Amino acid sequence: MSAYSDIPPPPDEARQRPLGQRLREHRIDYLFLLPGLAIFGAFVVWPLFAANWFALLDWSGFDSRQVFVGLQNYRDLLGDEFFRAAFVRSILFTAITVPLQMLLGLVLAVVLNNRLLKLSALFRTMIFLPVVTPVAVIAIVMALMLSPFNGPINDLLQSTEIVQRAVDFLGSPQLVMWSLAGIYVWKWTGVTLIYWLAALQTVPDELYEACKLDGVRGWQVTRYVILPIIAPFAVVIGLISAISALNVFPLIQATTQGGPFFASEVMEVFIFRTAFAPPSGTFPQLGYASAAGVLFGLAVMGLTILQVLAVRHARRKEPTNG
Amino acid sequence: MADAALSRTSFAPPRRREAWLSPRARRTLVSIVLAAICAVWVYPIVWMISASFKTNGEIFADSGLIPDAPTFDNYTRAWREANIGQYFFNTLFVTVGSVIITTIAAALMGYVLGRRPIPGKTALMGLMVFTLFIPQGFTIIPVFELLTSVGLGQSLWGVMLATCGHSIVIFTFLFAGYFGQMPKELEEASRMDGVGPLKTFWYVMLPLSKPIIVTVIVMQTLQAWNDFLLPLVVTLANPDLRTLSVGVYSFRGEHFIDWGGMTAASAITIIPIILLFLFLQRYFIDGLAGAVKG
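Those protein sequence lines, which keep their order, are chains A and B.
Using this note's numbering, the first residue of the first sequence is number 1, and each one after it goes up by one.
Using this note's numbering, the first residue of the second sequence is number 1, and each one after it goes up by one.
One or more hints might be untrue.
What the hints assert, rightly or not - Chain B is faced by these chain A residues, among others (derived, beta-carbon under 10 Å):
id, residue
1, Pro35
2, Phe249
3, Gly297
Hints are computed from structural coordinates only; laboratory data are not their basis.
In this text, all values refer to a predicted model and were calculated from it rather than measured experimentally.
C-beta: ideal position from N, C-alpha, C; glycine also.
Excised from the complex, chain B in its bound form (with noise of 0.2 Å):
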């Protein structure tokens, strides 16, 4: 349909260069030429999980993308002798945690800063939009200076507080946002059948704002789960508590010759992430989309 009504404007003004290249064949030419791009964009990644079915000595031997004989040494022994299991879990439970302490806190500050004309409202979200623009590495000393002094600084639950700390500005601001355009009669009518604010929130208001809850749950879950500098700085003095991004940087400095036990690591770290993506991509895509609209 589409297709047809374009190439019937074309005749109108006579043009040189559909001339030699119909509209269709030239978008055809452009797909050409993105996937090229795109398939050179992927490869090192596509390479590594290759990789990881490989022996150490068929890596570099410039053998193609698919293995001569498939194996999962390298990841039995990332899994049991790099710890990678360990960190595994230590990073599941430092985002699920991140990813329930963070939705929840925004979501109720979000809808206050959205919807509710509180005192103090302009000068809070004024100091928030400031603190958009800092450094993580001005804020580290301190940050892990107070993990210590309430006895988190070695622990998996300071990581996981820390974690909270890096986005929540942004996804209140999605949250506030969104409340912020309902009617206004959502308050009115539970408060007529005699509902509270907190009951109000949690079953009217949260269960409407579901497309930022999941878009916010993606979001700190790709947050949490690929965070380096803080769990580097808590797990310095505590290889145990690593997590996955960590260890596999460790593996490199402690394993350094075995390519394959790395990329298998590397492996195991990424998929979680990426089938997570590949899933719910619409929804992390919206939020980085309203950070620039917003």
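So that you can see chain A by itself, here it is in the shape it has in the complex (with noise of 0.2 Å):
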């Protein structure tokens, strides 16, 4: 041990210095932190408290006065047809598009890994196509595309007799839903697909040949080798994509507005018509829709608990079954 003796302090000792001391110790990385610190201070940090604030107030527009108004706007909330209907809205499509979204993905990644598969990196490309494009293009695309007046996809539906009458599939409060869910697992499968192949990568040289050795092949090695190890990467592809899911703002904005009779007015939708597009007539309603975003917020963060707490369940559980 005494040959180690001139090695400097360590972490531990230093802690027990004074603080003040430390401080103006690291008075240059301080300094260093100060542009980010502003960035995430005034856009991230501050907004979560104001939210909050104006959540208790009667505010018509931002350069009309603010009334304290308590919680009247939460009350008011939970009576709102509207609200409720976003907010159910919102969690169905993140529980209808995010397994989708992940299923598909690790499937394109299992059979893309393959090293010997040589246009795999072209392939990946063309899935990944949509994800760099923006929504408000993407809107335009889909509404051509799934055009009841002529549009390829109808035009195909009906030459191959699946369907008789053009179907609306933007246009029809039963459908849009369906639709935009479709819409986000394409435009969005792509980056799950990078999650899953990033995953795969851990997965060591060596087992593929042990595999090989043993005379375990194609499904198997998939099934009983690959898909164990890469089972933990579920839960944040999984964390990652559900918090995607539930921002889903631009893509339906874009494309519908929340119609067709706000049937595909999902939670982020709500709050910027009520706070930014309020139907004509009637005014803004900063508070109320701060209010529904900290309810919202909430709602995610709880989300995420649950499912974090669930995964930590799950692998408690699994050497006893095993």
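Got two chains here, each in a separate frame; can you build the complex from them with the hints?
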């Protein structure tokens, strides 16, 4: 031990020095943090607190007077059927798209992960193309594709006689959420694919070799060797996917603006409409919209925590099953 | 080589599947199926670009992907009359500005959080992780209120700054992870040589983190170019300040029967970003993959 006596004191000892001294020592470091902290503080942290305050106000425009109303906005929200419908729609949308997107991404990733597949990089790029396409453009492309008036998809469906009359994918209140879910999965599966490919890269090469030697092949390798290894990644990927599915505002606002007849109004579209684009003849309700945002944010956080807990629970159980 | 090795081992245990399809044939089959899927996958985008060269009459005439008489009319009409030219430069301004700001701010912050044992580091990083789970709808009202109160509520500078807030947390973590792995001797050596901290960062650390810098630049460019909610809110009362995303969106509301112009405007919007992605996709994909592994 004495041979190491000239090395600098371990971090524990450094921590025992007075806080003031350590702050002073690191003053350059804090200077380095300033620009980042300014942006983070102004556009991420401050809005968190401000939204909670705005939620307690009656406030009908950025240049108008704020009146404190306590919890009235929350009480009104709970009785507002548009809010409840939008809330449920957001959750359902997430529950439908996330598993689809993860499964599709996983299947594609397992197939594309084959190093002997020469065109694999090209296929990956093609699947990824919708991801880098702005939603406003996707909205136009899909309005054309799914158009009931000679749109290519309806042409195909009619010429193969799957349907008799043209289907109004985006104009029918019953179908619109399903169409949007399809568009959403199409747009974002490329990201899930990349996540799964990253997970697959953690499988060591020796394992494939070992499988070959033991005569384990094809589907069996995937099912019994690879899937168990990458299963833990499913939590992270599921979480990231769920959060982005809850942030579906741009796609829906650009494609249907929440219509027809509010049938595709998800939570963020509701917030946007209430705060920034009220129906003509009414005032914007910024406090009310903020309260909706707070309730939604709380629900998202609750779901996140639940998901993490559920996975922990499932993992603890695993060894006893096996 | 690899093919030969594979097919040789396949002789060892007799298997039903290989009996009628060699591994190579199976791979070819998989490739053909994948090619078909991918063709369907990108068809809408290809169709749109093809439509941008057609007249409004031809678009719905079921005339195949190759236009009969390619025309640039849609492009000139979109660029001039629909103001897409103006929106293009607005978007460029916002994107370039936010990329510069975010990259520098995230690199500085990531450097400190990744290498320096400053008091309060754990608390700050915990707060940053927490904010990753907050939906944008939750923060848009206060962000716009803040921009309005400092006089940037109706300005492209406001869009530029607020766009930075969106992704700075993830970028900081990318930098912190990368700087954290580098050997400690780097700073010691430059301190011995009498180089100050800022110069050490600028001339030693930053050049070493080139892969992360490119990743951050590519990801932020995509983010800023495609951002929608924020520029929509800021430009509601100011059509001149629209970015391409918002411009294309409003085009649809204002000229809803001019599909040729609309597809041309869309093509102008996506071509720069798709080119950027095609050439630099490795960095973008590394950045995404880093988010899962980290």
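Now the hints, each set against the structure:
no. : hint   : verdict
1   : Pro35  : holds (4 Å)
2   : Phe249 : holds (6 Å)
3   : Gly297 : holds (4 Å)
Of the numbered hints given earlier, the model fails none.
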